[in-house]
Each structure stands twice: as C-alpha cells, then as structure tokens.
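These protein sequences, in sequence, are chains A and B. Going by my numbering, the first sequence opens with residue 1, and the numbers climb by one from there. Going by my numbering, the second sequence opens with residue 1, and the numbers climb by one from there.
Take the hints with a grain of salt, since some may be wrong.
With a straight-line cut-off of 25 Å between C-alpha atoms, the simulated PhoX-like cross-links for lysine-lysine are [to be verified]:
id, chain 1, residue 1, chain 2, residue 2
1, A, 22, A, 83
2, A, 155, A, 86
3, A, 26, A, 83
4, B, 160, A, 22
5, A, 155, B, 160
6, A, 155, B, 427
7, B, 432, A, 155
8, A, 86, B, 160
It is worth saying that the hints were derived from the structure and are not from the lab. Predicted model, so just to flag it, every value in this text is computed and none were measured.
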Amino acid sequence: MTFQIILLVALLLASAAAILAKDLLKSAIALAVASLLLEIIFFQMGAPYAGVFEISVVAGLITVLFMLTIALTKQGDDIRESKTVKIIFPLFFIVFALIDFLVMRGILARIPALEAAAETGTFGDVLWKERSFDLVGQVAVILAGVFAVLALFRKRDHHD
Amino acid sequence: MIFLYIGLPLAVAAVLPLVGKASKRVLPDFLSNAVLLGLLVYATTGARALLAQGPIVQQVRWLGEAVNIRIALDGFSLFMLMTIQLVSLCVGLYSINYMEHYGAKANYYALLLVMVAGMNGLVLSQDLFSVYIFLEVAAVASYALVAYGLGAEELEASFKYLMLSVVASAAVLVAIAILYGMTGALGFDAVADGLRLLDANAVVGVAAALFLMGFGLKAALIPFHAWLPDAHPSAPAPISAILSGLLIKVSGVYAIARIFFHVLGMTPALSQVLMWLATVSIVVAAFLALGQTDMKRMLAYSSISQVGYVVLGIGLGTPLGVAGGLFHLLNHAIAKSLLFFTSGSVQQATGTRNLDEMGGLAKKMPWTAGTNLVGSLSIAGVPPLGGFWSKLIIIMALIQSGEWTLAVIAVLASVLTLWYYLILQRKAFFGKLAERWTMVKEAPFWMTAASVILALLVVGVGLWFAVVFSSWVQPAADALAKGF
Chain A
1 MTFQIILLVA LLLASAAAIL AKDLLKSAIA LAVASLLLEI IFFQMGAPYA
51 GVFEISVVAG LITVLFMLTI ALTKQGDDIR ESKTVKIIFP LFFIVFALID
101 FLVMRGILAR IPALEAAAET GTFGDVLWKE RSFDLVGQVA VILAGVFAVL
151 ALFRKRDHHD
Chain B
1 MIFLYIGLPL AVAAVLPLVG KASKRVLPDF LSNAVLLGLL VYATTGARAL
51 LAQGPIVQQV RWLGEAVNIR IALDGFSLFM LMTIQLVSLC VGLYSINYME
101 HYGAKANYYA LLLVMVAGMN GLVLSQDLFS VYIFLEVAAV ASYALVAYGL
151 GAEELEASFK YLMLSVVASA AVLVAIAILY GMTGALGFDA VADGLRLLDA
201 NAVVGVAAAL FLMGFGLKAA LIPFHAWLPD AHPSAPAPIS AILSGLLIKV
251 SGVYAIARIF FHVLGMTPAL SQVLMWLATV SIVVAAFLAL GQTDMKRMLA
301 YSSISQVGYV VLGIGLGTPL GVAGGLFHLL NHAIAKSLLF FTSGSVQQAT
351 GTRNLDEMGG LAKKMPWTAG TNLVGSLSIA GVPPLGGFWS KLIIIMALIQ
401 SGEWTLAVIA VLASVLTLWY YLILQRKAFF GKLAERWTMV KEAPFWMTAA
451 SVILALLVVG VGLWFAVVFS SWVQPAADAL AKGF
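With the rest of the complex left out, here is chain A (with noise of 0.2 Å):
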C-alpha cells in the first residue's frame, strides 16, 4: 500500500513537472518519466498487457519522436507563455485535488470489489476475438489521423 501510494505521489509529480518545465526537453523526460511510473502501477495492479504497452508506446517511441522533433526545431523561436498559466494551473490543480480527496473518499468505500482475476485469455484472444468493434474504431482513428497530416501540411497552391 506504502509503495503504491509512493508510486502515485511521484507519478503526479512526474506529470506536474511535465507541464510545469519550461524546457521542452526537460518536459518530455518528466513525462517518460510519468509513464515508466505508470507502466509499474499496471503491472502492479495485474494489467502486464496495458504496461508493456505504456512503456514501449508511450515511454519509448513517444519520447523519441518528441525528442527528435525537439532536435529538428530551431533555437531561438521560443514562445513566450503567459504568466498567467503559471498560477491557474496549480490553482485548478490544487482545487481539483480537492475535489478529488472529497468525492473519491466517499465514492471508492462504495465500488463493489470485483473478483481479483488475472486478464482472461491471451493478448491476441482479447484482442482479436472479444474487442473486434474497437479494431475497425482503431483503424479508422488511424486513417482520420493520416489524412489530416496530410491535409494539415500539404501546399497551399489553390487557396487564396
């Protein structure tokens, strides 16, 4: 119980840091960062699948991909951010977890503990056989996503 609300305790702060660094890169560390402590929480928590997952996907090629766009960006075309953002997002953030502390508190003593059971067949049978609707879902996500790179970056030859 101590170490998973250990783990809780750094991956909130792990995200807050995320937002919170002014360097872009900085940023995108606290944010692998975030998602190795969540991979554990999952792994913890009996989901290996929703880990291997968190940690190849989001850790590891997301982070690349930040990492390498960071490095391609231009030195010096930083954008300056409204100090405003800096006293709403810990104001919301304080006032959220409060919210949170009271509602949830209440609420979890509530939720029926379902039965313990490890994931139910493989990977490959959940996947492929019981959430076959979220496959055609993914696909599509996929192609709305590869149509609107290509949308979002084409030449702007014919509009005025």
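Once you've looked at the hints, dock chain B against the given chain A.
The following block gives chain B in isolation, referenced to the frame of chain A:
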C-alpha cells in the same frame, strides 16, 4: 448489411487519396457522393425494412466466420443514420463547387468520409467503449477539417476546438472507467443490469456528471460552448454545415440521450439538470447571436440555442417531449446546414462574412436569398415550416408536464430567434444593393442545388409533418423510451 455504414465510407476513404492521383476532381466528387447517396437510399429502404420486426443486433461475418463485431439498430439509431446520410450527402454535393479553391479535394473527401463513418459507428455501437472510440474518430477528422483552409484563424480555432474536445473525451473516458470498475461490463444492457443490482447512487451520480460535462462540451451546451463560435465559422462552409447540423448532435445529444436513457436511467434530478442547462443555452445563446455582425458566427450561436431546444425536449423525458426533441433535431439539422450553405455562397461571392458590409444581395443571388429565408423561418419557428411543428410539440410537452416557466421561456426565446434571423436576412439580402456588389453572381450550380434540396426538405417536412413524424420520429422516440 448494416456494417456497410461504417465499412464502406472507411474503405472508400482509404483509396481516395490514390484515386486523387489519377483524377483530381471528377472521380473523388463522384465516388464520395455516390457512397453517401447509396447509404441514404439504404437507410430509407433496406435498413428500414429490416427494422420492421423490431430492434436487431447484427453479427458481422468475415470470410464466412463470425467475428465479434455486433452492431445494434433500433428506431433511434436508424433515425440518426438517416439524418446523418441526408445532411452528409448535401454537404458532399455542395463541396463539389465550394472546395475547388482549397485544393487536395480527394484528401478532403477522405476526411469527410472518415467523419461520417465515425458518426455512423457511434450511432450503431452498443457498448460504452465503442462509443468513445467512434466519438474520437469523428472528432479527429473534424479537427483537420476545421483547419482545412490553413489560415491563421482556422488553425487557432481548430486548436481551441482540439483542446476543449480533449477535455470532453477525457471526462467521458473517466466516466466509462468508473462504470466499468463498478460493473465489470461495457455493453449498454450489461452495465444497466449491473447498476440495477448495485446500490451505488453516489457513484452513478459522479459518472453522470462526467458524462454530462463530456457530452455537454461536444454538444456545446452553455457553459461548455466556448469552442463552437470559433470553430464553426472558421471551417469551410460545408464543414460548418456538417459540424453544426450533425456532429454536435451525434456526439453530444445522441450520446447523452442513449446513455442517460438506456444505461444510467433518467432520474428526475438528471432531467431537471438537463432541462435547465438547455434553457440557459437557449436564452443566453439567443442573446449572444443577436449581437453578432459576422454572419456565420451568428449562425453558430444560433446552433447552441437550438441544440438547447433539442436537449430541453429530450431532458423532459416524457414521450411527447422526447419525440419533440428528436423532431427538432432533424429540423435543425436540415435548416442549419442550409443556412451555412447559403452563408458560404455569400462569403464566396462577396469575400466577406460581415453583415454590415452586405445588403441587397437578393437582387444578385435570388436562389441563395430565397433558400436562406426558408431556413431562417423554419428555425425561428414560423408555420408551416418544419421547425414550427417541432417547437410546438416541445412546448406542448412542457405545458403537459406542468413546466410552465420553461414553456414561457421557450416561446419568448423563439421570438428572439425570429428577431436575429430577420436581422440577418434584412442586412444581407434585402435593402439597396451596394455599389461594390454589382458584379456579384449567383452561386455555382451544385452549391445552389444543395441549398435548394435542403430548402425543399424544410418545406416538405413542414407540409407533411404528420407523415414524417409518424414514420421516422415516433419510432425513434419509442426506441428511446424503452429504457425508462
């Protein structure tokens, strides 16, 4: 084969960019409109006949083997499917001329078809997680479509839309996670059964609040409306039409109705919250629309206000109220798409959206002016057009349940609606033609044709409202009411 509603647009979208290499305009125009027309015809014939025996759940087969894709069709989803294909087809036709200037037409149609597939999927899915996925499919396509013009204004609007929409999706996802955590199920019926066994009102309340926030953002109910007045006017006109006419209704209103009626159960408290949110939207957005000088922005605020009527009817929860709400959904989808078409035609002809600069355009653009008048009057609720009947039914339902205050507010707001639409009509089309617009011409063929089709539908639905109501709206309301 109902899966075609998801599969066909996706498959065609996947090949369109390749087709676009061979033929930049003609083939993409033809293919995408043919798909939408085919699906519309199927919705009104084949799928309707299928439904005659009652709601169906279809299992998809792939190479002779059943795969675990089950799609559910009942009166409510069929009604939504018909509305989606109808408006999308007109949007497709309008785009033939309108999107000429933007370039990369094949890519545009591909995104449009993915968005349609996402909306169809949302309407046909019967579990919470699929709802979330298809919500995202339609949303991702719409972000790109809003920014399609690539101008600074478009990109900013799209980014704002993206940010608020992500918050909405996150809220929906958390709510789904809570329900899954409690019941261990995702299917609508399974979750509803699971919740009935548990005595967990507080948790259901939190989930309901999160759904309300998420789908409220998607439906742009006040106070969740900040993104809409930027995103809808900035998009290309056909996309404004599909966003205002369909997307806010499918990913907002449909999802709210489906989940609150069939999964969580409509409680009196929830009903009150929905009705008051709706009433605030109706009134505040109507006043905001009154102050606009940007033609499309006025229409965008009007959308918020009119979606308020839809939610008011559905939130009331009585059979008559639900039917009125759904009927208004159809009427508003048709009329608002029409108005965005005509405003697009005006913008393309004059190069401005500012109402103060226009005037007297009816002399130069008679078709556009005429169809615009039909659409405006329908939304304002002038008899005998479609919008009049649906507003009448909603107000009758309110009075029937003793909600006098809301009924009076709804009537007064309708007067406001008429007021700002008359301002729009007068400033843009009536009066003296300004010197600078003497060279303006009527919109090209397909743009005018799409507007005329929709205007005829507005009049047709109004004149034959009894037929439309009993054959489309009533079955939809009955299907929704089964969840009581």
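*Looking back at the hints listed earlier, which ones does the structure fail to meet?*
Violated hints: 2, 6, 7; rest satisfied.
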